[in-house]
Each structure stands twice: as structure tokens, then as C-alpha cells.
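Student: Let the hints inform the model, and build the full structure from the sequences given.
Number of protein chains: 2
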Amino acid sequence: MEIQIAVAKTNKYATSESGDTLEIIERPNGGVSAVLSDGQSSGKGAKIISTMVVRKVITLLAEGVRDGAAARAASDYLFTERNGKVSACLNILSADLQSGTIVITRNNPTPIFIAQGDRIECLSGESSPIGTSRNIRPTISELPLKVGTTIVMYTDGLVYAGDRIGQSLDICTLLSSLLEDQNPPTQEIANSLLAEAIRMDQGRPNDDMSVVVLRVLAKDIGEIRRMYVSLPVSPIHIPYHEENKI
Amino acid sequence: MEIQIAVAKTNKYATSESGDTLEIIERPNGGVSAVLSDGQSSGKGAKIISTMVVRKVITLLAEGVRDGAAARAASDYLFTERNGKVSACLNILSADLQSGTIVITRNNPTPIFIAQGDRIECLSGESSPIGTSRNIRPTISELPLKVGTTIVMYTDGLVYAGDRIGQSLDICTLLSSLLEDQNPPTQEIANSLLAEAIRMDQGRPNDDMSVVVLRVLAKDIGEIRRMYVSLPVSPIHIPYHEENKI
Chain A
272 MEIQIAVAKT NKYATSESGD TLEIIERPNG GVSAVLSDGQ SSGKGAKIIS TMVVRKVITL
332 LAEGVRDGAA ARAASDYLFT ERNGKVSACL NILSADLQSG TIVITRNNPT PIFIAQGDRI
392 ECLSGESSPI GTSRNIRPTI SELPLKVGTT IVMYTDGLVY AGDRIGQSLD ICTLLSSLLE
452 DQNPPTQEIA NSLLAEAIRM DQGRPNDDMS VVVLRVLAKD IGEIRRMYVS LPVSPIHIPY
512 HEENKI
Chain B
272 MEIQIAVAKT NKYATSESGD TLEIIERPNG GVSAVLSDGQ SSGKGAKIIS TMVVRKVITL
332 LAEGVRDGAA ARAASDYLFT ERNGKVSACL NILSADLQSG TIVITRNNPT PIFIAQGDRI
392 ECLSGESSPI GTSRNIRPTI SELPLKVGTT IVMYTDGLVY AGDRIGQSLD ICTLLSSLLE
452 DQNPPTQEIA NSLLAEAIRM DQGRPNDDMS VVVLRVLAKD IGEIRRMYVS LPVSPIHIPY
512 HEENKI
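Residue numbers (the working numbering), protein chains in the order written: chain A, 272 to 517; chain B, 272 to 517.
These aren't lab readings, by the way, just hints derived from the structure by calculation.
Careful, some of the hints might be misleading.
[What the hints assert, rightly or not] Just a few of them, taken from the derived set where beta-carbon distance is under 10 angstroms, the chain B residues facing chain A:
| # | residue |
| --- | --- |
| 1 | Ile-276 |
| 2 | Val-430 |
| 3 | Ile-509 |
[Said to hold, decoys possible] Here are the computed distance ranges between Cβ atoms for each label pair:
| # | chain 1 | residue 1 | chain 2 | residue 2 | range |
| --- | --- | --- | --- | --- | --- |
| 4 | B | Ile-436 | A | Gly-474 | 26 to 36 angstroms |
| 5 | B | Ser-412 | A | Ala-285 | 35 to 45 angstroms |
| 6 | A | Gly-396 | B | Thr-444 | 54 to 64 angstroms |
| 7 | A | Asp-347 | B | Arg-337 | 25 to 35 angstroms |
| 8 | A | Tyr-284 | B | Ala-489 | 21 to 31 angstroms |
Glycine residues also receive a C-beta, built at the ideal position from the N, C-alpha and C atoms.
Tutor: Rendered as C-alpha cells:
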């Protein structure tokens, strides 16, 4: 079987930096974790916060710390660093080969969708962002690492997409129609969800947007791991950009 | 323009764990770094070493430490932890948006290829692995972040592929024929190089093998970042694997 994680991510319109940070890291006892944080507000300030949070979490996960403990540590750390004045949303999505489970750690009111076969379930219980008080605890859900499972998590930029035109994105329906459609590539699912959210904001995202899709598939592609990152860069943000002309 | 990094990675035949570790991380001042380490020998012991090295480097890079300083710190750290008895190869490949350059940091005798237009250059100067003595310094090369650049780095599993049958992989020729072939996707280049190395080892890799390909392309896909990870998992390595049957 194969575990696939795909991410699609964009900035708020006309800002050069996204306040969302996402890193994917190998777990020291087997498996992989995606760590997603959305810093309060947007732009440079939000980026500093979300980077600080994600960096703390991946450092701890790499040392073998459990996901829930890492989320609590990140909360206490942010609270201490910023005197409780700044909040951040945090999600950790792990495929843990040691326990044979998918572990979903939420400090984020934004829902997470779990599709298994024809059923799509929504984790939308209350969950508070980190950093604003002591003793903030994450909501943790654990499910078996089973073929046919799809998990979708995202930041609130997708929740509020379409607000300006009085519409909103129905991720559940969209996901179910995507999954019915002959097993599209995982990256395709992430791309489609993000594209739909951007369309709802009429091509000008009202906030930073990130979508993460994790799938467990039966497909056996042998013993090869793959990883891919693509990063759009505006040449004007690069020193000596004259050299970039072709 | 767009920066793309693709990785393909496999284990030595009949070992469950690769001694190579690779992580890709966002740079705090813009850009992305791929950190690759190959621990001495193979299997569990090598994995512990390469994980330790990569974890140290990504933690430092995330704090804004320069690549060369991070490599030196990782060397001193490994030397201290293992009393100079264990070595590891380390490569850091960064697209640094702050300096507008690609930075290649090598503590690895394995060559690195740089293709620009029709020219393929090979960085194969002497370079020693880290961890075995004090004052080990990396070899650093810096080139402008220019459209049309392709960098290929890999671990020694590819260098010795084919040894058993008295052949060896000519990465330079292979890369040049791949690049001539109408701009294949970056992931395709990494996959092809790895597939060819596995073929030379008659389907049974003689060592852990990892290939990293970085490309700078003119393509403009808008402001969307993408990331993708796929991880093959043998169900027998997972607790409660009965549940994985479909």
C-alpha cells in the first residue's frame, strides 16, 4: 500500500508572503507528518508566527515526541514568546507506522474531512487555536491506517472563500464528487479544492489558503519513495533578476 | 519562474530501512532547501546517523543559519556524539531567494551535476564526509538562480550501481539525453535516473539510493505552491495489518 500527501497553497491576493506555513517531515519511528499552521492575520507578521510554530513542532516530532505533546509544547512556547497576545491555528496530520494509525491533531476550529469508502465524516468539534492561554489542549483523533482512507485539512481561507459574493465552498460535496471520479491523483484533489476556493474569491484570494490531502491507496509501486516541491517565484523578488531573463 | 525539486529514493535490496535521509524545508528568508545525508553502511544504524545529521541541519536552516555553517555544525555534532567513529555524507541544495542564488554545499565525494542550457558541468572536487575529525569544511558552490538550470545530486548507491556486473551508470550522458527530450517533468528525471540505477543492479539495489533534481523553469503557474510525498508501506510492517485488507 502507499501513503500519499499532496499540498496546494496560495497567498492572499496582492501579498507577497503567505501567513500559512506547512512542512512535511519523516517520523523517526516510521511514517510521515504534515504540520500546518495559520498565523493570526496575514503577511509578514503572520508568517513569522506560523513559521515559529511549525518549526517547534517539527523539531519535536523529529525527536520522537508524540503529536499531542508537540502541539501543547508549541502552544506554551508561543504563549511565552508573545505574552499570550498572538494566536495561531495548528493541525498535525500523521501517518504513524509505529502505531499503524493516522493521527489527526487539531488546534483549529476549521473542520477536517475523513472519507472512507463512500462515507465522508467531518471532524468539526470545538477546537481552540494555540498561544492565547495556558493549558490549551489539542483535539486528537486516531484511526487505523486503512486502504481507501482520504483526509482533507485546510486553513480558514477556504472556509471564508466566496464570502464577498455571499457564497461558500461546500468541501464535503466537492470532495465526494472528486472521489467518485475514478480515483484522481492525490495532487489533483488538492489542486481542485484550492482552484474552486480561488474561483469563489473571483481569482483574488481574500486570505492565505492551504489544502492538504492524505490518502492511503492499495497501489503498489515498489519500494520507491517520491517527493516533489514546486515554488513559484516572481523574478522581481530576486536580487540580480536581470540575469533571469531568457 | 518556478523552482521545482523532485526526489526518488529506495532502500538497499532486502533491507526495510534506508540509511539515506532526505528532508525538504522552507527557508525562513525565502526559498527552499533539500538536505540529504547518507549514513555510514546501511540499515537501522545508518538511518539513525543520517536522521541525526539531517535533523540538526534543518533545525539550523530554519533558524536562518547559513548552509555552510549548518554543515560545519552538523559535522562537529556528529563528531562529538560518536567520538569521531562514524561518518556521514551530507549535501545541502538550496534555492535561496534572499541572495538570488542556488547554493550547493557538499560534504560528499559523490559528484553533483549542473546543467545550464546545453552545458553540463560536474562538481567532483575532493570533499570529505562529516563526523570523523574536527574542522571538516564543506565545499560550497554558488550560482545565480537562473531559468534553465538543472542540478542533480545523489548518494553513492548510484555511483556503484552496476558494480556487480562490471558496469557503471553514466549520469552525465543519461541526464543530457533526458534534458534533450522535450523538457520532461522534474519528477520524471529523478524517476528515470533511479530506475536506470536499479536496472544496473538487476532490480536489487546494492545500496540505498537517493536522487534529488532541482530545476528552475520559466513556466508561470500563478501563485500556487505544491508539495507531494508518496511513501510505499508494506502492510506487514504495520500493527493490526488485517484491517488493511480490502
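Student: All hints, please: hold or fail.
Tutor: A quick look at each hint next to the structure:
no.	hint	verdict
1	Ile-276	holds (5 angstroms)
2	Val-430	violated (19 angstroms)
3	Ile-509	holds (4 angstroms)
4	B/Ile-436 / A/Gly-474: 26 to 36 angstroms	violated (56 angstroms)
5	B/Ser-412 / A/Ala-285: 35 to 45 angstroms	holds (36 angstroms)
6	A/Gly-396 / B/Thr-444: 54 to 64 angstroms	holds (58 angstroms)
7	A/Asp-347 / B/Arg-337: 25 to 35 angstroms	holds (30 angstroms)
8	A/Tyr-284 / B/Ala-489: 21 to 31 angstroms	holds (23 angstroms)
In terms of the numbered hints stated before, the structure departs from hints 2, 4, listed from lowest to highest.
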